[in-house]
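Number of protein chains: 2
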Amino acid sequence: MTSDTVRKEIAVEFELGGRRVRIGGIAKGAGMIDPNMATMLCFLTTDAVIEKAQLQQALSLSVEHSFNRITVDGDMSTNDTVLLLANGAAGNVALQAGTEDFTRFQRALDHVTLSLAKMIVEDGEGVTKFVEVQVLGAANFSDARRAAEAVAKSCLVKCAWFGGDPNWGRIMDALGYSGVRMREELVDIFYDGLCAVKGGVASQTPFQRLKEVVAAKRFQVTVNLNLGPAEYTVFTTDLSTQYVELNMGE
Amino acid sequence: MTSDTVRKEIAVEFELGGRRVRIGGIAKGAGMIDPNMATMLCFLTTDAVIEKAQLQQALSLSVEHSFNRITVDGDMSTNDTVLLLANGAAGNVALQAGTEDFTRFQRALDHVTLSLAKMIVEDGEGVTKFVEVQVLGAANFSDARRAAEAVAKSCLVKCAWFGGDPNWGRIMDALGYSGVRMREELVDIFYDGLCAVKGGVASQTPFQRLKEVVAAKRFQVTVNLNLGPAEYTVFTTDLSTQYVELNMGE
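If you're matching them up, the sequences are chains B and X in order.
Just so it is clear: in the first sequence, position 63 is 63 by my numbering, and no numbers are missing.
Just so it is clear: in the second sequence, position 2 is 2 by my numbering, and no numbers are missing.
Among the hints, a few may not be true.
Okay, the calculated beta carbon distance ranges per label pair [what the hints assert, rightly or not]:
no., chain 1, residue 1, chain 2, residue 2, range
1, X, 128, B, 200, 31 to 39 Å
2, B, 185, X, 202, 52 to 60 Å
3, B, 228, X, 64, 26 to 34 Å
4, B, 200, X, 185, 50 to 58 Å
5, B, 65, X, 185, 48 to 56 Å
Just some of the chain B residues that point at chain X, by a computed CB distance under 8 Å [what the hints assert, rightly or not]:
no., residue
6, 63
7, 65
8, 122
9, 167
10, 192
11, 194
12, 199
13, 245
Listed next, the stretches of chain X that the computed footprint assigns to chain B, with coverage defined by at least 3 CB atoms under 8 Å from CB atoms of chain B [claimed, not checked]:
no., segment
14, 122–128
15, 170–179
Derived from the structure by calculation, the hints contain no laboratory data.
Nothing here was measured: the structure is a model prediction, and the numbers come from that model.
Note that the Cβ used here is the ideal one computed from N, Cα and C, for glycine as well.
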């Protein structure tokens, strides 16, 4: 059983020490359909020569920056799976963490996992908007993540996006209840780089221009807490009447 | 600006050492409408004779068991207010914590706050179901609360209720991702006392009977983790297409 509507697949090819190396991946998943069945599955393969422990290290980091940063409805599945298989056919010198080649491999793997993760969000059940929520200037990493996740999971924020409303009061509210360190008078909020809030108050940007951003199927929301160096990004969606209809059972 | 559709008010009268004492309360709130305005307001009055510190103690406990246990959409307002005023007109002996009279006052106050809290949930924006989520048998208080809140805030669980679907797989899933100590094979789930899950698997109860429970406007979901002594209750709602429509802006 699946509610996927598009194929989610990607492959990249790059060079390591004169050898061509490939990473390919496929994924399925479009919401937490049925907890008795696997819901998000991702199978990755590579022909790189790499030890198991090093492969696990690269994959863990990559998943942290991709599949662990997406949310459709906040309902995690208990059955999510990401597998990465390497057969060594590329014949490169075995990859060692800390080397330039390892970094190149990591970057390619990150591209594959992030691409697949985004495909899952975009094909999410009842999704009409794909939104990148970026938090900058947080006091620390944990605050950056909590702030981004609070905005990305807020029912009210997501309903506003569904309705094409560049509502920033609800974003401020989610930041407030997330419990992170913030000073309201320092907060800036942008829609696709257009300033909606400057220093905690409405900017001079005409509302109509902000509405045009939110009318699109994809846009970015950036929150700058202007307090510290930490940042975090979450990929999320709107909350639509279609989502509710798809999940109201039978 | 308010989206309240009903009056939320209650008054009780009881006796303390031969004196009639009264507690009255009014509240407003039906969802987090606009973060720039107060959204949940509650004003309580009593004619009891009671010191400020003791009154605060009684109120804090009471709020913990009422307004802090309700959720409509998981979006806290930053402007919620509960005020309790006492003028001492009842002429009772000043209430002292730890006495029987204090317990009686606490019980009356709890009745007032819980009644008002339930009225707010029932009148929530786009609410078609009022659901009491009770978790029993948790290893400790913190687990009981996390488990109950995970179920009460799950978009998927709430969508199922909106559709009249006594879905228990989604409840198991929410319990699973809540991170609390649990053993799937020990979990029992009941809808209004009717067993849906026994020891982690579907019970013998005919599905049609469970559907009849969820068809009602009010019902109770009880989860017994059968692991320890702790319990917690949250009052919540379904997630309806009307909720999304009411909150999609402008």
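For this session: State the violated hints by number, sorted upward, taking the hints as numbered earlier in the document.
Result: Hints 5, 6, 7, 8, 10, 11, 12 and 14 are the ones this structure does not satisfy, whereas the remaining hints hold.
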